[in-house]
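Q: Chain by chain, the residues run as shown.
Number of protein chains: 2
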Amino acid sequence: MNFKKYVLFGLATAGMLLSFESCKPKGAGNAVSGNAAEKTYVAPGQYDEFYNFASGGFSGQLSVYGLPSGRLLRVIPVFSLDPEKGWGFSEETKPMLETSHGSVPWDDLHHVQLSKTDGDYDGRWVFANANNTPRIARIDLTTFRTAEILELPNSGGNHSSPFITENTEYVVAGTRFSVPMDGEGGDVPINTYKQNFRGTLSFVSVNKDNGNMELAFQIETPGVNYDLSRAGKGVSHGWFFFSTYNTEQANTLLEVNASKNDKDFVLAVNWKKAEEYLKAGKGKKVSNLKYVHNKYDDHTHTATSTLKTETIVLNAEELEGLCYYIPCPKSPHGVDVDPSGEYIVGSGKLAALIPVFSFSKIQKAIAGKQFEGEFGGIPVIKYEAALHGEVEKPGLGPLHTEFDGRGNAITSFFVSSELVKWNIKDLKILDRVPTFYSVGHLMIPGGDTKSPEGKYVVAYNKITKDRFLPTGPELAHSAQIYDISGDKMQLLLDFPTIGEPHYAQAVKAEKVKDRSLKIFKIEENKHPFFTKGENEARVERKGNDVHVYLTTIRSHFAPDNIEGIQQGDNVYFHVTNIEQDWDMPHGFAIKGARNGELLVLPGETQTLKWVPDRIGIFPFYCTDFCSALHQEMQGYIRVSKKGSNVPITYSLGTNQPVEKTN
Amino acid sequence: MNFKKYVLFGLATAGMLLSFESCKPKGAGNAVSGNAAEKTYVAPGQYDEFYNFASGGFSGQLSVYGLPSGRLLRVIPVFSLDPEKGWGFSEETKPMLETSHGSVPWDDLHHVQLSKTDGDYDGRWVFANANNTPRIARIDLTTFRTAEILELPNSGGNHSSPFITENTEYVVAGTRFSVPMDGEGGDVPINTYKQNFRGTLSFVSVNKDNGNMELAFQIETPGVNYDLSRAGKGVSHGWFFFSTYNTEQANTLLEVNASKNDKDFVLAVNWKKAEEYLKAGKGKKVSNLKYVHNKYDDHTHTATSTLKTETIVLNAEELEGLCYYIPCPKSPHGVDVDPSGEYIVGSGKLAALIPVFSFSKIQKAIAGKQFEGEFGGIPVIKYEAALHGEVEKPGLGPLHTEFDGRGNAITSFFVSSELVKWNIKDLKILDRVPTFYSVGHLMIPGGDTKSPEGKYVVAYNKITKDRFLPTGPELAHSAQIYDISGDKMQLLLDFPTIGEPHYAQAVKAEKVKDRSLKIFKIEENKHPFFTKGENEARVERKGNDVHVYLTTIRSHFAPDNIEGIQQGDNVYFHVTNIEQDWDMPHGFAIKGARNGELLVLPGETQTLKWVPDRIGIFPFYCTDFCSALHQEMQGYIRVSKKGSNVPITYSLGTNQPVEKTN
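Residue numbers (the numbering used here), protein chains in the order written: chain E, 120 to 781; chain X, 120 to 781.
Some clues are possibly wrong.
[Claimed, not checked] In silico lysine-lysine, BS3-like type, Cα no more than 27 Å apart, as pairs: (1) K584/E <-> K627/X; (2) K632/X <-> K584/E; (3) K584/X <-> K630/E; (4) K398/X <-> K512/X; (5) K640/X <-> K584/E; (6) K379/X <-> K779/E; (7) K632/X <-> K627/E; (8) K760/X <-> K313/E.
[Stated by the list, open to error] Ranges of calculated distance between the beta carbons of each label pair, as one might list FRET restraints: (9) S604/X <-> G153/E: 51 to 57 Å; (10) G662/X <-> K661/E: 52 to 58 Å; (11) G687/X <-> N689/E: 27 to 33 Å; (12) K544/E <-> E643/X: 53 to 59 Å.
Hints in this document: simulated from the structure, not taken from any laboratory.
Note that the Cβ used here is the ideal one computed from N, Cα and C, for glycine as well.
Work out the full structure: start from the sequences and follow the hints.
A: Below is the structure:
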């Protein structure tokens, strides 16, 4: 076999990479479709056609855009503190950012996955991965809030995640950085990588009824870097495909040392087989771990963080038929499965071609033991035996592929900054358009389902430079929408994005919008410090803890003035928004508070903890403009010295103000 | 005088306010200009015409939009932690969020002001106010970063801010909530408001050369609520106008109790007179205060927080000719000055008309002592003596007014949800358009300057409801752009916004874009832990502190592996991005870190402090996709037990990796 033809770079060097940006697309310029303005314009009062859920990358959050307008509809806080929404600041949401080693205020959210039923989006949940401190989140599309976060043990960077099976049976997580297994003594020299560092693939089950996640099992493999993954579907249902790099098992200067092999691997995992092994008791129970499972409850309006200590590990080397490697040129990034499930596309970011593997040929190869050897005890299928064919000279730096539902694939090329459309069966290139600049992921609505909506493709670009008015050294990342309804792809619109969108998915608005909750029903509020109405508003001291049962309604707080607070008290403002109208939040903030603010939606209770560190008068007020008399929605707290004899007194903000002494 | 005609509500009640939302604009529907799509479409590769700087409200940040596209170009972190950009997480930026009582991770940014020279925007800086913990920030428009934050003593909620004079001589800050003066014993009963609570107006000087702010003086007034303010210009240069409410001096249920007086006041302040009094030594030096002044330096790439203890206070009651009250119906919110400086528009949010005051008549009234009495020792000018005229039956709930530069004013109406255009001189109403829904501030580019660009008006709406695809109970706030170049205002586009935009300003792109910095020059880097190149990269232990001098360049870290770290060490990663190309940031994150991540721009050094709390192998990696080999840009830290004898060892990530032992 001649490896040379698969290899773009003999040896990657920093110097060469520095020249990437000179590889701007040339010639085609910014040519746009003649009626691009109309095609992307969504008139006032009209809705966008698609919800586009885009990862926020290093923001740690999830962005929701409308397509085709590119308008940012909402940023959903997931893994990072959000001062705007009080996420991670309120007592109720703090547990959501807990990990097995304390609160972590940030993460790097890379990929999103809409839940699926029968291989198509069902509009119920979005899953997202934390790439730094390994976790998976589930966002509920009735509330557009993060409902659950599950930490992953035995992992070092959860990049190959949260890809899901076609009925949302499992969400997976492949460790990007192999590390020593938890609880087995991690204090080892880094240059013992090959002996001590292991790669794990976590399979997280999802409850069909309520979406709850559990770590079902992990598969232990040799130490490599796992990059991306996709579930099989249709004919390949029951299998999962993971791309790997650093099969050199290097542990320093990976830029060079992990770019040496001409081929790395796609790892094919038979998860139905894994289930059989589990049933047969072939899993090893490991119980000296620490990871947490955080859940938010929409009725108590509170989160809990539960420490877990056990997982079940299946050993890929020992359990025959569980895993197979497929050679894939070179440092494969994306591994994508076509709508039928038959074709698996590996995008080697340093490769000069795109291999397309055939699921049926893989099965035949396994049956016929067409192996070229093994890696870490796992059989390596012969490249040619698994191959459907190769897309030749497609572009430079292929990264990801999505599908248009008309038999075509579109692949993004980072180095040559373009999108290339090709036919899945005959592998012929049909069209190419430049991106500005250096596209990473791309997204076709439904592009990973069995029924893609091949109307648009969006390129999520890594370099922005001159695409928008300059904003100093730091620029927003950018996206570009193309019309792909015809034979030729046509650029429509550039739009800037929050953080760094890696992957994104889009779904027809109809599948989501009618699920969307407008208010939390106040009669369903089970918060332990819920205040049903102003007549229940009160202040209670319990030792050094002071609980303020506080209500908000346009446009006053009850109570609005509180005296008798002492320096060093733990003051808990339990704010219940007793409104029941859509889009009528109230905010709560107090001067100098270390816990930010609360943004409390109708029917909800949220708690701000405040520890006054000095005497004086502290104003508080509503932070979300709520009515013509919003500016009047305020109160004062009087803080006296520790041990002061000022009694707890408060004014009830009714139309007939009264003072109550506790 | 018949007060009745000025009064919309005899007594505001919660019940009545609840019905506001039924006051949706009717009839006009969503009619848009025929070519709205073309008018708002900015083709790929083209620039927007205006930078629109919008306050983030309860996000605490500043948003930069392009107009007319409505695209969000950048969120600039100001008063709140920003996990996306490491703002408040890096050691360098932590001091920017310090206050006199410790770090405060959040605030409520209400208003923005572009710096002015000769009454027009000069494109140098944006000022912004913190409404919760009183502060003013200055954002530098070369870097689009927050350069300075000044805390304000003697204040309780800084709402009436950061309005500026026509040569940026002063930025002002009027306390929204009157409070006892600092350092004079604030532990007083709240119902002693009239005796003990004071209103202060802070005048902050701005250095012409570098923008540096200093608290020049404060004016002490009776306790009321200050709402908004505007400087005089042209003929009224040297004066400042502040709107007040709660002249009832109520301290509970302000919704009712501060809505009783038929007129409150606009306070006219002669700041040139204040300067004379200061020179004459009439200010009282107060030196038992605490407030901080935080500055960020673009060469050391670090911030400092300096504690201040002194201010000079001028007493408005004692110093004749300094302050005058002008009666203004009813609970005035906006107070806006026309391009000539002659006309001052007071928008009483509960008033059924709009009074327009005349600066020359105010001067005549003062000269002729046409007073109707005094309030707290300050003369009250007769309403009619100050009045140019009234706009009759303009709409319900007037809030703010901007000017189109063609002799017209446009006023926003919260309750009747509309914009109304009227002629400044004859006070005749010329046009009205609905807003969706409940507009707060409005903005015309240059609308508060002497030369407005009357092409667009943007309505920043408080209620969103059905304007965009629903996103659960919490919706983005929204803005609407109207074409005002013709006689009739025409709705063009709705766009969602970050946080809650209160005020916004827009400036022609030409005035800002060429100032924008592309990189930080590495030869100008004066950071104390700067690493000039990979040959200087190193790890140094000093007791329990470990300093990692770390460089980033596509696509590796130097060093990339570090051993010899011990549990409980203070590890400082001083990351220098040695790139010098535009738009080539690198990020830095390590598994489980409590200080988020770093986003390091070319030529910059930033520091992440990490205290490992357990033994093991911790991966770190670049968080901003930088090249085709970005995924290879990683390293490992080995953490051993406290007292371990593993020596400090590190790999230098050059093309020829070496290990160095310290």
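Q: It remains to establish, for every hint, whether it holds in the given structure.
A: Structure-based check of each hint:
1. K584/E <-> K627/X: Satisfied, since the Cα-Cα distance of roughly 20 Å is no more than 27 Å.
2. K632/X <-> K584/E: 13 Å, holds
3. K584/X <-> K630/E: Holds: K584/X and K630/E sit about 19 Å apart, inside 27 Å.
4. K398/X <-> K512/X: Distance of about 46 Å is beyond 27 Å: violated.
5. K640/X <-> K584/E: Given pair K640/X, K584/E holds - Cα atoms ~17 Å apart, limit 27 Å.
6. K379/X <-> K779/E: 24 Å, holds
7. K632/X <-> K627/E: 38 Å, violated
8. K760/X <-> K313/E: 23 Å, holds
9. S604/X <-> G153/E: 51 to 57 Å: Hint violated: Cβ distance 25 Å, outside 51 to 57 Å.
10. G662/X <-> K661/E: 52 to 58 Å: Violated - the Cβ-Cβ distance for G662/X and K661/E, about 43 Å, lies outside 52 to 58 Å.
11. G687/X <-> N689/E: 27 to 33 Å: At 28 Å between Cβs, range holds.
12. K544/E <-> E643/X: 53 to 59 Å: 57 Å, holds
Violated hints, in rising order: 4, 7, 9 and 10; the structure is consistent with all others.
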